[in-house]
Structure formats: structure tokens, C-alpha cells
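S.K.: Given chain A's structure and the hints, the job is docking chain B onto it.
So the sequences go chain by chain: A and B.
Count the first sequence with our numbering and you get residues 1 to 311, in order.
Count the second sequence with our numbering and you get residues 1 to 311, in order.
These aren't lab readings, by the way, just hints derived from the structure by calculation.
Incorrect hints may appear among the rest.
For identical chains, the list gives no copy identity; a pair is met inside one copy or between any two copies.
[Said to hold, decoys possible] In silico SDA-like pairs for lysine to any residue, Cα to Cα no more than 25 Å straight-line:
| # | residue 1 | residue 2 |
| --- | --- | --- |
| 1 | K261 | E210 |
| 2 | K261 | D246 |
| 3 | K147 | D213 |
| 4 | K261 | D213 |
| 5 | K164 | V280 |
| 6 | K46 | D93 |
| 7 | K261 | A82 |
There are 2 protein chains.
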Amino acid sequence: MSGSPEFGRVVVFGVGLIGGSFALALKAAGQAGEIVGFGRTLAALKRAADLGVIDRIGVNAGQEVADADLVLLATPVGGVSAILARIAPYLSDDIVITDGGSTKGDIVAAAREHLGENVARFVPAHPIAGAENSGVTAARADLFRGKRLVLTPLPENPALAVEKVRSAWAWCGADICELTPDRHDRVFAAVSHLPHLLAFALVSELAERENSDEFFGFAASGFRDFTRIAASHPEMWRDVCLSNRDAIADELDRYAARLSKLRSAIERGDGAALETLFGVARAARRGWAGNQESGDRGQETEKYAARSAGK
Amino acid sequence: MSGSPEFGRVVVFGVGLIGGSFALALKAAGQAGEIVGFGRTLAALKRAADLGVIDRIGVNAGQEVADADLVLLATPVGGVSAILARIAPYLSDDIVITDGGSTKGDIVAAAREHLGENVARFVPAHPIAGAENSGVTAARADLFRGKRLVLTPLPENPALAVEKVRSAWAWCGADICELTPDRHDRVFAAVSHLPHLLAFALVSELAERENSDEFFGFAASGFRDFTRIAASHPEMWRDVCLSNRDAIADELDRYAARLSKLRSAIERGDGAALETLFGVARAARRGWAGNQESGDRGQETEKYAARSAGK
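Just chain A, same shape as in the assembly:
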């Protein structure tokens, strides 16, 4: 039945970049009957409605969820617990819930706490579609197209629930792979959370110097690319740090040890050690960029997903 959307009512909590783009993508694919938005400020929700991102502004979350087919949790990670507690009593047996958070361990813990057995309806997800811009005005239907989406199903999830959520993200055009929530948090602490912290640290340190203008005045293209992610959303990254605390602290320790090794080599004038370390980095970075360009990313993803699932 081509005219009939896969999901009747879709409820989106947090209509920002991620939530708004999810709504737009499902609508563009003709797979959402109606989209109801909840958020922290009425102004933002009105903007979302004016832009046609949502069909209605939600009033009673319990009521809306009770008749919904799909719920997306897309607020900053810190706000998810309260929403889960609020909607827990209203979940039907057919509903599926997913999210767009950058960390998975703590959201899974919150879901187990608040949803009880109904945690089986929650299939966590992490769309890898970061952007420095945030808010509903930055939302677009193609944000997830061709981008990685990491699904982290729970042992409690029935296969049908996983398939429904997978299908929703597939309608958004995402390239879907799977990891366990724990493995997800370890991997992203290293390749995403840590680099963000390092960029925030560099820029904030320079900004707080007395003569910061002089320093910024001579920063060039290397600095520009290195620090692009330092313009990311402070509140979102605060929540990422708090919710993936242990893995991030571990990554920071490894990194500090590496910097200290580098500093010793510089201190003792050990050119050979420096050249070796830089050479390892250059080769790895070039190899990575080559893989990205040659488009075998999808295969690698499947490989890692299979490996990870086998653990």
C-alpha cells in the first residue's frame, strides 16, 4: 500500500537539529502520518511548526504517546530521564522508541529504570551527523542521508521492534550498523568525545589569555580545521561528558600520557622519537582518509559490527 505511511503518529521530544531533521526526513519519505513536537520552549516549538517541521505542538505527553507509533527522544541527554518517567505509563505494546543521543550507556540505564519491562520498546540509536549548528532552523530532510547511524539494540528488544526502528532511520537515508551500547561508548569516547574536548580545551585556553587577540590573529587554516568542533553546542557536550564520564576520563588519561611522552622527547631533543611518532600518525591518517574516499566504509562498518556482536 504505497500511500500509507509506516508510522501514523510520530512524537518528537526536542525539535532541534536532530529531532527536526528526523521529522523532515520521515515526512519527505511519506512515512509519518502526523508529527507532534514537544520541547522546552514554546518559541522554539512555534518556529518548528511555522517551518512545517512538526504538524502540531504537543500539550499532554502521556496522551500523545498513548496513540503514537514511534517516539524519538532528541533532547540533550540530560533531559531524557524526566521524559522517560513521564511517558512510561502510556506505552502501548506496538510503540517503538528510539533516540539520537551521542552516548548510550546512561540512556539505557535511565530507560531500564523508568520503563521497567517496557524497555523492550526502546531501541537506542546514535546518528553520526554532527554539525556545529544547532536548533530547528538548521534541520534538513537530508541531514542523515549517507551518514552512519549506530543502532545499539538491547537484549530485551524483540526483533520486530529493532526492525521498526531500523526502518525509521533507513527512511531517513542513514547507513545503519550495530554496536553494543557499551562498545559504542568506548569507541565514541576515543574518536568523537575526546577530540571535541581537546578542541574546546585549546580554544578556551587561548581565549582566556590577556593577549588572546594577538594569538587568534595569527591562527591559520590548520587551526581552523582543528578547532571547528570547538564551536559545538556547550550544553550537549556537557551532557555527553557527564553521561560517558568513565570512558572519557580513561581516554583523557591515555591522551595525557601520550602528550607527556611527546613532551619528554622534545625536552631531551630526541628527534628520532618525534619523527617516528609523527610518521605513525601521518601514515594512519592517510590510510584512514583513503578508506573514507574509496567508499569501503560500509563494508568496514559491517565487519566491525559483526565483530562487536560476536563479543
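M.R.: Showing chain B alone in chain A's frame:
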């Protein structure tokens, strides 16, 4: 006399990205009578000659320099001392020497040591035109066009020598400003050398993990931009580290202190401190990007140059 080039013979030591682009730019501007290249391998010099980047491969450095108007030192910083020692006895009163090194303090010290009074002929320079690619095949006539060039004149330089060197870089299309050598090294340790080290450190640390493929497999656009400079030239950056050792060690210490502050905030779950730090970084990064786009970089440069010169 429009047909007559400003410089008769130009001798380039190190015909790679910087040296090759300098040669191509001066020729394109019609301001070099002939360009003679020296380098470490005959193969690279032959390639430079085949590409038309240089007119001749030099044989006797003393002889070539004796009749030259302009010398560019564009080898990795570590090779400069030996070249200065070799050409020192052959410098005429009219010759000017400049360089393209990323650090200035140690090259000035080497020049004072080897050139004696003739250090007056050496006007150090640093073109801010980094690229991950290196070698003569990456050279192009417009590499310096619209890019910052920091001139770091010495107290010994007569005004005419500074003007000649300034003119050579101006023919390359560079946007020229001035700093003292010492100030240059402090500023670039913070906004260039440190970010390179941080990117090298991150990528090398990940590359040396047993399961590095899995990590790289999930790295996305934030990682891509953050680590672009980790593909930079290992030998060049080895020399930068060794030659700007003190300023870089100082920057690493400041940075390590900032990371440790960040780690404590994460450890104790201090969301407010994290959000503040990230907010400072985001505002500074956005302000910087805004300045870059609005094109008031040139004015800022002049302002900083004037300030720095007044110190």
C-alpha cells in the same frame, strides 16, 4: 623598465613545496632572471627542472651565491645551519637572504653564528601556507597568494635589505606583516605548533591500539577536520619541535593543565564548569571565524604588527 626582473639570479636551497612555489611565483611575476636550485637528492632536483620550477641544478653553492641577488633557504629547519656555513664566505654586499621556516629563533641564532656581520643580509620570513602535501610536485605559483607572510627583521638589517625581501614575498602575492623573531615563536607555538602536536598525538595513540581499525572505522567528520594536520610532514615537524623547544614545552604544560582541569570537572560531575568552558570556546571560535570571513584579517595583522614592534 618593465621587462627587467627585480632579481637577477635567485638561488633556492630546498626545492620542495615552499621553495618550489616561491620559484614559480617569482617567475610568473617576471621578477627572477634565473633560478638555481640546490637540494638533497638529484632526483628531486631533476624533477624540479623537468617541471620548469628551476632553470638549473646548482653544482657549486659558493659560486652560485657569489653572483646571486636573492637566496631562499627552504630546507627543513635542521638543514639550514650547514647551508649557512657553506655560503657565508661568498656573500656580496647586495645580496639578500630570506627563508621559509616555521620557527625563527633558532634560524636567527644559526645565522648570527655562521654569517657574522653578514647576518645583516638575512631577513627571516615565515609564509603561513601550510599544506599536508609536500615536495616539488605540490608546488604552485599561487601558494602564497592572499596568505599571511610574517617577516621578522633583525636589528642588524638595513632598511633596504628588508625592503628587498619584502618585495620578493610581495611578488608572490603574500599579505605581509611583521613580528620580532621571539614573539613569532611564542605565538606560533600556541596557534600552530601545539595543534599539530595534539593531532599527531591523538592519531598515533589510536593507531597503536590493537583494535585501531574499529576506532578509525567509526571516526566521522569532526575527527576528519581535527586530524587533518596529523598528515603533515614528519621531518619538518620534528625540526619545528627541536628548534622551538622551550616555547612548545611551555604551551604543552599550559595545555596539560587545562586538560587536567577539564578532567577534574568531569570526574566530579561539575556540569556548570564544563558548560562554561565549552561556552567560552564556542564564543571565541565563532568570533574568530567571523573575523576571518569579514576579511578584517589584514587590519588586525597591521594592528598586531604595530603593537609587537612597539614592544
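S.K.: Which hint numbers does the structure go against, in order from smallest to largest?
M.R.: Of the numbered hints, 5, 6 and 7 do not hold.
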